[in-house]
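Chemist: Here are the chains, one letter per residue:
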Amino acid sequence: MTLSKKAERKVICQPRESGFLLSFYAMASPCEVLVDTKDKRLAQKLAEMAATEAWRIEDKYSRYQQNSVCGQLNLRAGECCSIDSETYLLLKFANDCFQMSDGLFDITSGVLRKAWHFDGSDTIPSQTQIDQLLPLIGWQKTQLSEQSFLMQKGMEIDFGGLGKEYAVDRALQLINNQTDVPVLINFGGDLAVNKERMVNGKAQAWQVGIDHPSFYDKTVIVEMTAGAVATSGDANRFLLKDGQRYSHILNVKTGWPVENPPSAITVAAPQCIQAGFLATLALLQGENAEQFLTDQEIKHWAIRE
Amino acid sequence: MQLIQSPMPAQNSNKKALKSLLTTATCALLGVNASVEANTNPLADWKFDTALMVYSEVNRVSAAEAIIAGTKTFKNDEILNLKVTLDALTGASANGAVGQPNVQTFTSPSGGSNYRVDANKTPLDDTFKDTRAQASAQWTQPLANNYTWSVGGNFSKEFDYLSLGANTNIAKDFNKKNTTLSAGLALAYDQIKPSGGIADPLTPMLFGNEVISGTYDDEGGENRSNKVTIANSDNKNTVDLLFGLTQVINRRMIVQFNYSFSHINGYLNDPYKLLSVINNNGLTQQYLYENRPGSRSKHAFFAQTKYHFAHSILDASYRYMTDDWHIHSHTVDLHYRMNLSQDNYIEPHIRYYTQTAADFYQPFLQEGSTVPEFASADYRLGDMDTYTVGIKYGMPLGSGKSMAFRLEYYHQTPKNSGFSQPGVLAEQNLYENIDAVIAQVSYSF
Numbered sequence: 014m015t016l017s018k019k020a021e022r023k024v025i026c027q028p029r030e031s032g033f034l035l036s037f038y039a040m041a042s043p044c045e046v047l048v049d050t051k052d053k054r055l056a057q058k059l060a061e062m063a064a065t066e067a068w069r070i071e072d073k074y075s076r077y078q079q080n081s082v083c084g085q086l087n088l089r090a091g092e093c094c095s096i097d098s099e100t101y102l103l104l105k106f107a108n109d110c111f112q113m114s115d116g117l118f119d120i121t122s123g124v125l126r127k128a129w130h131f132d133g134s135d136t137i138p139s140q141t142q143i144d145q146l147l148p149l150i151g152w153q154k155t156q157l158s159e160q161s162f163l164m165q166k167g168m169e170i171d172f173g174g175l176g177k178e179y180a181v182d183r184a185l186q187l188i189n190n191q192t193d194v195p196v197l198i199n200f201g202g203d204l205a206v207n208k209e210r211m212v213n214g215k216a217q218a219w220q221v222g223i224d225h226p227s228f229y230d231k232t233v234i235v236e237m238t239a240g241a242v243a244t245s246g247d248a249n250r251f252l253l254k255d256g257q258r259y260s261h262i263l264n265v266k267t268g269w270p271v272e273n274p275p276s277a278i279t280v281a282a283p284q285c286i287q288a289g290f291l292a293t294l295a296l297l298q299g300e301n302a303e304q305f306l307t308d309q310e311i312k313h314w315a316i317r318e
Numbered sequence: 124m125q126l127i128q129s130p131m132p133a134q135n136s137n138k139k140a141l142k143s144l145l146t147t148a149t150c151a152l153l154g155v156n157a158s159v160e161a162n163t164n165p166l167a168d169w170k171f172d173t174a175l176m177v178y179s180e181v182n183r184v185s186a187a188e189a190i191i192a193g194t195k196t197f198k199n200d201e202i203l204n205l206k207v208t209l210d211a212l213t214g215a216s217a218n219g220a221v222g223q224p225n226v227q228t229f230t231s232p233s234g235g236s237n238y239r240v241d242a243n244k245t246p247l248d249d250t251f252k253d254t255r256a257q258a259s260a261q262w263t264q265p266l267a268n269n270y271t272w273s274v275g276g277n278f279s280k281e282f283d284y285l286s287l288g289a290n291t292n293i294a295k296d297f298n299k300k301n302t303t304l305s306a307g308l309a310l311a312y313d314q315i316k317p318s319g320g321i322a323d324p325l326t327p328m329l330f331g332n333e334v335i336s337g338t339y340d341d342e343g344g345e346n347r348s349n350k351v352t353i354a355n356s357d358n359k360n361t362v363d364l365l366f367g368l369t370q371v372i373n374r375r376m377i378v379q380f381n382y383s384f385s386h387i388n389g390y391l392n393d394p395y396k397l398l399s400v401i402n403n404n405g406l407t408q409q410y411l412y413e414n415r416p417g418s419r420s421k422h423a424f425f426a427q428t429k430y431h432f433a434h435s436i437l438d439a440s441y442r443y444m445t446d447d448w449h450i451h452s453h454t455v456d457l458h459y460r461m462n463l464s465q466d467n468y469i470e471p472h473i474r475y476y477t478q479t480a481a482d483f484y485q486p487f488l489q490e491g492s493t494v495p496e497f498a499s500a501d502y503r504l505g506d507m508d509t510y511t512v513g514i515k516y517g518m519p520l521g522s523g524k525s526m527a528f529r530l531e532y533y534h535q536t537p538k539n540s541g542f543s544q545p546g547v548l549a550e551q552n553l554y555e556n557i558d559a560v561i562a563q564v565s566y567s568f
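Residue numbers (the working numbering), protein chains in the order written: chain A, 14 to 318; chain B, 124 to 568.
Taking lysine-lysine pairs in the BS3-like style, the calculated list, with each CA pair at most 27 Å apart, reads:
1) Lys142/B - Lys208/A
2) Lys51/A - Lys524/B
3) Lys73/A - Lys198/B
4) Lys58/A - Lys170/B
5) Lys142/B - Lys312/A
6) Lys208/A - Lys524/B
7) Lys524/B - Lys53/A
If you want a taste of the chain A side facing chain B, the calculated C-beta under 8 Å gives, among others:
8) Met113
9) Gln186
10) Gln309
Away from chain A, derived, C-beta distances all over 10 Å, residues of chain B:
11) Asp249
12) Asn360
13) Glu470
Derived from the structure by calculation, the hints contain no laboratory data.
Quick caveat, the model's predicted, so the values are computed rather than measured.
Even glycine gets a Cβ: it sits at the ideal position worked out from N, Cα and C.
Take the sequences, apply the hints, and build the full model.
Modeler: The structure is reproduced here in structure tokens:
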């Protein structure tokens, strides 16, 4: 198992008109690095750095890996666990997101998955089931310091809404420390570019098509010169009962799905982790998702069915 | 299904708090992590400035200089600055003697050789080739209550010269950091060990068969000298005190005032400089080694203003210096930086400097008159005007890298402060102009 997983960890390099496309697989997603250079060794070096960083973050913060920092924190819920500075900063960011969203964005909400299975069926959990889980949710019940993290027994955290975006930002930071050639990073639809590309001596925006896995006929075309976009939403994940559609976006305060959110929303921000948070926070506004972002003067593209 | 493009930003500014909160939160996450990378690349958070400079006087000294300076800013705004400078000097400099209608012969400082100066030429000593290495380190850190403290040291070595220095400075910000008061102290110790030893002041330069040999240096080698020596080496001590006031006038303008006091004590002669002793016909009879007072106290007043126009910056400064050798000098320095497109800039520079002579300066001594206690014919202590005009072009190279080119022309006009030139000296130019070109390339990354 370990061996085959390691074997998957390689970067494939393909030449393209303006440079190279380097692809690999990380964080359960296809990942790409586009480097506008004629220097193949540079392109490979940069992509290796991006991939290594993505795999490092995956290994450290995947909730599926019991030995990851996230896995260990969940396993040892109820104990005061010592944490390193990177983990502190990520948890602190999650804390800031919790505060900024008035408690709607909560990395402890994952336990609701025990009640909700968005498999397209009509299996709706009972209120009793949900009520049993609600006491295990609530970032305000955790204690975070620079050296330690403590949550109640039975609680869980996951970096699902932040980890991939964080990896994009970190990878681009590392690349920017090495070069100033134009680079685009795309980790499973969360992407960032460092600068505009030069085509025939003229600066040009990157044209990015954002595919929504559930809408094969719709691609959002985004033009980027610098900054990031991230997308939240998955139209395949819902429940349908008695003619009512239940989205997979759950309100952590009630434990029930948010009503009538967009199927997917793509948000632009200077950093990918900001875009990711804003996209998720917008979906949590349900019906008002687009208005919420418009009020904040945040550029976005929403898909509704 | 519908695809909705977000409308143009709403004119609703009171709901924008989320953006700025998010920016702050992200800064902490991605900003601090950036410094974690220092573990893999220890130079990642250093900023380097490098420069290569060539200074070339027409027919005289040429110098090449290489500078590399590194600055690292630490987490709590402490700043470490390290700098290394290498200079290589070749060519000839005026030895202080006056031109003559005939060829003049001088003995090199080591006594080992002679050099000849053509008739009607300013005597230049072309035996100098020197390399200087300098290194300095400065540590600056904020303290509580808006104080900033800085401490540093420097070291400089050339074959006949050693300089050691230490300095400290304290500054306090007032008035929401619009006003800064500072006070500093610098100490320096310099040791000079001239080729051929320290001359007995105002004694003659020795020639050919007069050259003294027979003493031995530390390695047992034979010393030779073109002078009567009183020591192998000598030294001087310098104390500098600096007081400053910086004031932000408004968003566009800042002014600065400094006062500095400097006291130097010890051996202040230039060990290689001579004075010609002439007879009534203006003909040189002998050459004496110069002698300067054993101390010097200077007061300097400096004022500077920088003004930001929409697309340009004016930097103007004035300095007045006076000392107990009765040298008074005025310096006016103007830089005007004009921003071109995309962070390119062009910066013309003009500088004017004028000084009066030291009271013991004289271009020569006259036979039969009393030898004064102090005398020097070093043109750098005489009346003079200089000006510099130059231009600099700077351009960004992306990723925080930049490059700049500087080209300057320097003109020096030494002046006669009232000395008559008897006999054949009337035909000689005792105050020869110096022209120099300065070219510099600098690169920051």
